[in-house]
Each structure stands twice: as C-alpha cells, then as structure tokens.
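Student: Here is what each chain is made of, one letter per residue.
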Amino acid sequence: MTSTDPSAAEAVVFWVCAFLSVVGGIGLILSRRAVHSALWVALTMISLAVLYIANAAPFLGMVQIIVYTGAVMMLFLFVLMVVGVDSSDSLVETLRGQRVAGILLAVGFGLLLAIGLGSALNGVPVVGLDGANGEYGGNVEGLARLLFSEYVLAFEIVAGLLVVAALGALVLAHRERWQPRRTQREISQERTRGGIHPAPLPPPGVYARHNAVDTPALLPDGSVADISVPGPLRARGDLRPVDTAAVAETAALTSGEATYGPAKRPVADDPGTSPGEPS
Amino acid sequence: MNPEVMTAPSIDYIALLPYIIVGAAGVIGVIVEAFVGRNGRRPIQLVLAFGSLIGAFGVLVVNRTTLGLQAEGAIAIDGPGILFMGLILLLAILVALLMSERQLDPAGDAFAPRASALPGSDDERELTTRGYFQTEIWPLFLFSVFGMMLFVTASNLLVLFIALEIMSLPLYLMAGMSRRRRLLSQEAALKYFILGAFSSAFLLFGIALLYGYSGSVEFSVIADALAAEPGQTALVVGGVALLSVGLLFKIGAVPFHAWVPDVYQGSPAPVTAFMAAAVKVTAFGALLRVMYVALGGVRWEWEPLLWIIAGLTMLFGSVVAIAQTDMKRMIAYSSIAQAGFILIGVSTATAEGLYASIFYLVAYGFTTIGIFAIIAMVRDAGGEMTRLDQWAGLGKRSPLVAVSFGIFMFALASFPLTSGFIAKFLVFESALAVDNLGLVIVGVIASVMAAFFYIRVVVIMFFREPVEGSPAAAVPSATTTLALAVSAAVTVILGVLPEPVINLIEQAGVFLR
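Protein chains in written order, with our numbering: chain A, -18 to 260; chain B, 18 to 530.
Incorrect hints may have been included.
[As the list claims (entries may be wrong)] In silico lysine to any residue, SDA-like type, Cα no more than 25 Å apart, as pairs: (1) B/Lys208 / A/Thr75; (2) B/Lys413 / B/Gln524; (3) B/Lys208 / A/Ala15; (4) B/Lys208 / A/Arg77.
[Said to hold, decoys possible] Over 10 Å on every C-beta distance to chain A, these chain B residues come out as not near it, computed from the model: (5) Glu50; (6) Val53; (7) Arg81; (8) Phe160; (9) Ile211; (10) Pro433.
[To be verified] Quick list of the computed label-pair ranges, beta carbon to beta carbon: (11) A/Val81 / B/Ile458: 51 to 61 Å; (12) A/Gly78 / B/Gly54: 24 to 34 Å; (13) A/Val63 / B/Phe480: 52 to 62 Å; (14) B/Thr24 / A/Gln79: 47 to 57 Å; (15) B/Thr24 / A/Asp111: 17 to 27 Å.
If you are wondering where the hints come from, they were derived from the structure by calculation, not from laboratory data. Cβ atoms here follow ideal geometry from the backbone N, Cα and C, with glycine treated the same way.
Starting from the given sequences, assemble the full structure and let the hints guide the process.
Tutor: Rendered as structure tokens:
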C-alpha cells in the first residue's frame, strides 16, 4: 500500500472513518448520559461526512456536517442542557430479559444484513460517482437537476412535512399566558415570605482545595451544605464526596494544632460523620 | 447533454388538484391559527376542513377518467388509486364529523384544551373553565389526509417515504391530545411515535437496498430490473423484507402489532376512528401498490411471507381479543384480526385479490367509524366508559345506539346481510381461486373464534341487567349522529346490495406502472 495510490489512500480513510463511526454508534448506546450520547452521535456523523466526501459526494458531506452535526446535534445538545440535565433516566429494566433478547436480536439482525449484503455486493464492479457527477457538470449541479426535475414533487411535499413538524412543536410546547406576568417585586416578596433562602445561596468549593462547582461548601460544624451545589448536579447525585481527612487537616492547620510541611495527617476516626471539632 | 439547458419538469396541476386542495387547506389553517382571534378560529377551520375534503372528493369524481403517471412519474393516478383516495376522503369527512362533536363532553370536544398544559395542573383547569380549545387539530388532520392521499398513489419510494411521514407525524401528535385520561393518551402518543420512528427506519433501509439493487426508486424501474434479472439477490430479499416491515407496521399486522392496543385505547375516540379506518386503508393501499407494481417480479418471495403473517395476524388478533375486558382494546385486537383477513386478499397477487381487498377495506372502514362514534357516546363524567361490564344493559337504556352497535358487531363477525359477510366471502374466494386452501381454513377458524367475542358484546348489551352507575349513551349532536347513520347505512347496504360497489371496484382496473 503506497501513499501515492489514490485507492490505497481511500482505503485508509475508509477504515479509519468506518472504525470511528462504529465506535460512535456503540458509544451512543452505551453512554449513560444523554449529553455523552449526543457527542458520540456527532462523532459518527462527522466520520460519515468524511466518508461521503471521500466518495465523491462533497455536497452530501458538507450538508452532513453543517446540517446534522452543526445544527441538529447542537440543537439537541442545547435542549439537553436546558431541560434535561437535572433528570437522569432510570435504567431499570421493566421487562425481564429484554436487554439480553434485544442484544441477541440486534446482533443476529446485524450479522444477517452484513452477510447478506457482503455476499450480494461481493464482486460488484465499482464505477464511482465520477460519471454521474460529470454528466451535468458537477456534483451540486447534478443534485440540483435531480431535485428540480425528477424529484420535484418530493421536494415540494417536504414543505408539508416541515409545516407539520413546526406546528407540532408549537402545539406541544407553546403555553399561552393567561395571567399577567409577575413583576420583580412580586417575585421577591414571594421569595422572602416563602421561608426559603432569601439571600444568595452559599457558593460551592471549600478551603481552596477545589474550586469545582460540584464540591459542596461546609457549614461551621463541618457538615455538608447541599444547597451550595447547583440543583441539577444535586438531582443527579453528582456531589463530590468531601474528604473528611482533608477537612480535619485543614481544621488542624487553622487552629494551629498542626504546621505546614510533610507532617502526618490526623486520621479522622469515623469517615462518615462530621469530621473534627471546629475550633 | 448540455449542462446549461434543463427542461422544466412537467407537472399537470389540474390532475394534482385534489392533493393541492387538501394540502393548501392545511397551510391556510396554520395561517388562520396564527392570525385569527381565538373565537374566530373554529368556524374557519371547520369550513376549511369540510370544504377542502368535499371539494377534493368532487374534483376526484370529475377527474376520474384522466388517468396516468403525474409529476415526472412520482404519482400514479390510476383506478385503484382514485378509489383509495376517494375512500380516504369519505372516511376523513366522517372522522371530521366526529371531531367537530361538542355535545358529548360537558367541557367541550374530545381534545385537551392545550396539549402543552400539564395533565391535572391548574393551568389545564383554568384553560378548561375559560373554554379554550386546541384548534390546531384541524390543520394537523388535513395534513394527515394529504399524506394519506400521496401515500396510496406514490409511484416512487422517495415520495412513499415522505408521504408516510406527512401522514404519521400529525397522528403521533393527535394521539396524545385526549381531553380525558391524558396520561394514558400521552403514553400512547409516545409509544406510537417511537415505534413509528423505528418502522420508518426499517422502511428507509429497505428503500436503500432496493435502490442499491435497481439503481432507481421508481416502482416501474424496479419492476423492470426484477424482470430483466429474475435471480433475486440478497439486496432484493432484504429490501422486500425491510420495506414490508415498515408497511405492515402501519397496518398493525403480527408481529408488528404491539402498538395497536395501547394507542387505540389512549387516543381520543375520533382519532382512534381515524387511525383504525383511514390509516389502515392507506397502508393497505400502499402495500398493494408496492407489492403488485414494484415487486410483482418477486411474487414468490413475498407471497409465503404474507401467508404466514396473514395467518398469524388473524389467529393472534382473534385469540387475544377474547381475553379483553376493555372495549377499545378489544376493538384494537379485532382490528389486528381484520388486517389479517385483508392480507389474505393481498397475498393472492391477483386482480381478484386486489378487488376483494378494496371491498373489504370499504366495508371495514365505515363499520369502524361507526363503532368509535358509539364508543365516544357511551360515557360518564370521567370520559368514555370502556370497560365491557359497563356496557351491560345498554340495549334497555339506549336501544337505538345498542342496535347500531350490534349491527357493527355482526358486520365484523361477518354475519350474512352485513358488509362484513360479503367482504370476507370475496377475500376467501380470491384465495381459493389461487388454490390457497390452507389460508382459507385458517381464516375460517379465526372467523369463528372472532365471532365469539363480537357476539359476546351483543349479549352483554341486550341480555345482561345494567349494573349500578352505567348510564345511557349520551345524546350526541347532529354531526356524530350523521356519521353514525352513514356508517350504519353503508354497513347494511353493502351487505344487502353489494353489486354496485363491486362493479365500481372492478371497473377501476388494476394499478398503472
């Protein structure tokens, strides 16, 4: 396989992209987070786009990147970020043995298709797209001609599909306001009267050991202040566990019982409960 | 060919007028939703819906002699196609009558005031007391009918797929819009949507394989390729199998039936009527066209497949329906069984089979609309009363309604002097004409089992004492009454005097390619 041979180069591109797209597909179903799944799909789509471009279909490749990866997947991510991150899906099987049966059927179906297609396409001469692309002076020109001649009706009725999709999204999501909008005064009064935290919530992070938002602040008695971590992370159970030994060490440092340096850590007697006495 | 010059595609807009009327009415309906005040929408939507459906039917009747491939071969307007479109439009008019009903539910129509309001929320209560209505159902409904008309006449796989989606998306939405038991309704919509998306994916996969085999999505080119190279490759077999999955899913044939009971039960009754009658007609129309026109060359490949599926569908639907205690679920399983009987006609791959299937669909479609009209009427304050035991004594309290329901049950059980008898007779006859005795025997066995649960409903209605708290059927407005009267009349007339309709179907001839 030499690098000057175009078909060899194409073979390399194919195997790399094919591998990546399959990895993306597997990642999609194995990810536990919807956001991760969406990113895996993006990988698959970009790999497919490269394959399309390598196969003399540049328009399709670009559309795949711009429309699917760029627009659809990013929109999908936005939606997940806006509405979906504070709820994690239950992965409990409601039907017993469903997952095993599903995997077996999927593998069987995949094998059937792979063997069937492999045997059907084995030995089929490959003509490439050059002839089809050249007929009308280029890939985009050829597609345009097909869209506006042979498939003009399909092209037109897609408009109906888009109208239905837009109308459907509006019907499902649009809420009419039948009460006057609440003013800022009303909102603040409600907050103060409701007995909930009227002031800003405590910020996350503790003792400058971490500055990540998933590290809860500690109350003076050393217990964890859950409200210092954003709600979605709490709902997902994504709190970083507080290292009780580290807290005790810091307490010892501030109270002067310990000094800086490679000294031994005071061992917390019970790592589950509140560590150390506040000085 | 000179790349600079391109001949404009020839589109005969007069021939496409029925589609244009319905589609344009849908678009205008959307604009009305955007710009007309809340109280003015419903009258305009009603005028648009009924006007466009009746207008399209009228144009179809006037244009019935201009047959041919239209829009660069994307659409085949032929005899069966016109019959299917006409049947869809008539059924849609009856469904529209059911949808416009506002007397049965004290709060208004059968649809949630806003699909976006959470079930049981203050929002929903407020909207209900203010008398808000979701008038977007009308453009959605019209678009669905538009997709159905395209679906039964599509002559290439690309238009077939787009039409399927135009038909299905509004149905997924409307299934989740029930005013009562909204969580059940939303669950139904989600199930229908997810399973429908899967079946669309299978259909697309099949289209890709057939395109790979023949190099075209046109039915005629695929048929020519199959004729030129009769040795079927894995591409054809895989393509036929996957394409069938997509179409049989919409039909609700076993083993692609899992969505039917849940969706029929959860959807508002008018939408269920629409799905049970019009969608089944549409899906069978497309299945017949794909199988007879594009894939006629590999008949011996799909015929045994359809025999098995037809047999399974009839037996499964009939057996499981016996065990049902909910009226809507029972009718759902019965519709699965009925799909099996129609598949007998499809699987013959003869003109007689085609005619028998069309007649069966006519009979089944009208009967089903009548059934759901009555299911919507038997209700209490919480919505439809669908438990079978709640129907006890309906014959004493609302004799007229119970008698009509009895007629429909007898028709589905294919008793003589009802449309169902003639339909089943024609279907069995077409199967015997191709010496498929086995399938007919299975069909007869399934019919006998099915008769049991249809007759059981009649017994419950007339010979059992009413239980405490089972009220009479609510008095509907003129629209539901009209739809009910028409479907009952068609059910009886087709049973007594079927010849005019049979002649009409046979004059329509076969599919164009």
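Student: Give a verdict on every hint.
Tutor: Checked hints:
Of the pairs offered as hints, the one joining B/Lys208 and A/Thr75 holds, with about 15 Å between alpha carbons and a cut-off of 25 Å not exceeded. With a CA separation close to 45 Å, the supplied pair B/Lys413 and B/Gln524 exceeds the 25 Å bound. About 20 Å separates the Cα atoms of B/Lys208 and A/Ala15, which keeps this hinted pair within 25 Å; it holds. Restraint check: the Cα-Cα separation between B/Lys208 and A/Arg77 comes to about 19 Å, which is no more than 25 Å; the hinted pair holds.
The Cβ of B/Glu50 sits about 8 Å from the closest Cβ of chain A, inside the 10 Å cut-off, so the non-interface label is violated. Interface exclusion of B/Val53 from chain A stands, the closest Cβ pair being 15 Å apart, more than 10 Å. For B/Arg81, the shortest C-beta to C-beta distance to chain A comes to about 21 Å, beyond the 10 Å cut-off, and the non-interface label holds. Taking the minimum C-beta to C-beta distance to chain A, about 5 Å, the non-interface status of B/Phe160 is violated against the 10 Å cut.
With a minimum CB-CB distance of about 14 Å to chain A, B/Ile211 clears the 10 Å threshold, and the non-interface call stands. Interface exclusion of B/Pro433 from chain A stands, the closest Cβ pair being 43 Å apart, more than 10 Å. In this structure the hint that A/Val81 and B/Ile458 lie 51 to 61 Å apart at CB is violated, the actual value being about 37 Å. The hinted range of 24 to 34 Å is not satisfied by A/Gly78 and B/Gly54, whose Cβ atoms lie roughly 55 Å apart.
A/Val63 and B/Phe480 have their C-beta atoms about 58 Å apart, which keeps the hinted 52 to 62 Å range intact. At roughly 55 Å, the beta carbons of B/Thr24 and A/Gln79 sit within the given window of 47 to 57 Å. For the pair B/Thr24 and A/Asp111, the supplied restraint of 17 to 27 Å holds, since their beta-carbon distance comes to about 24 Å.
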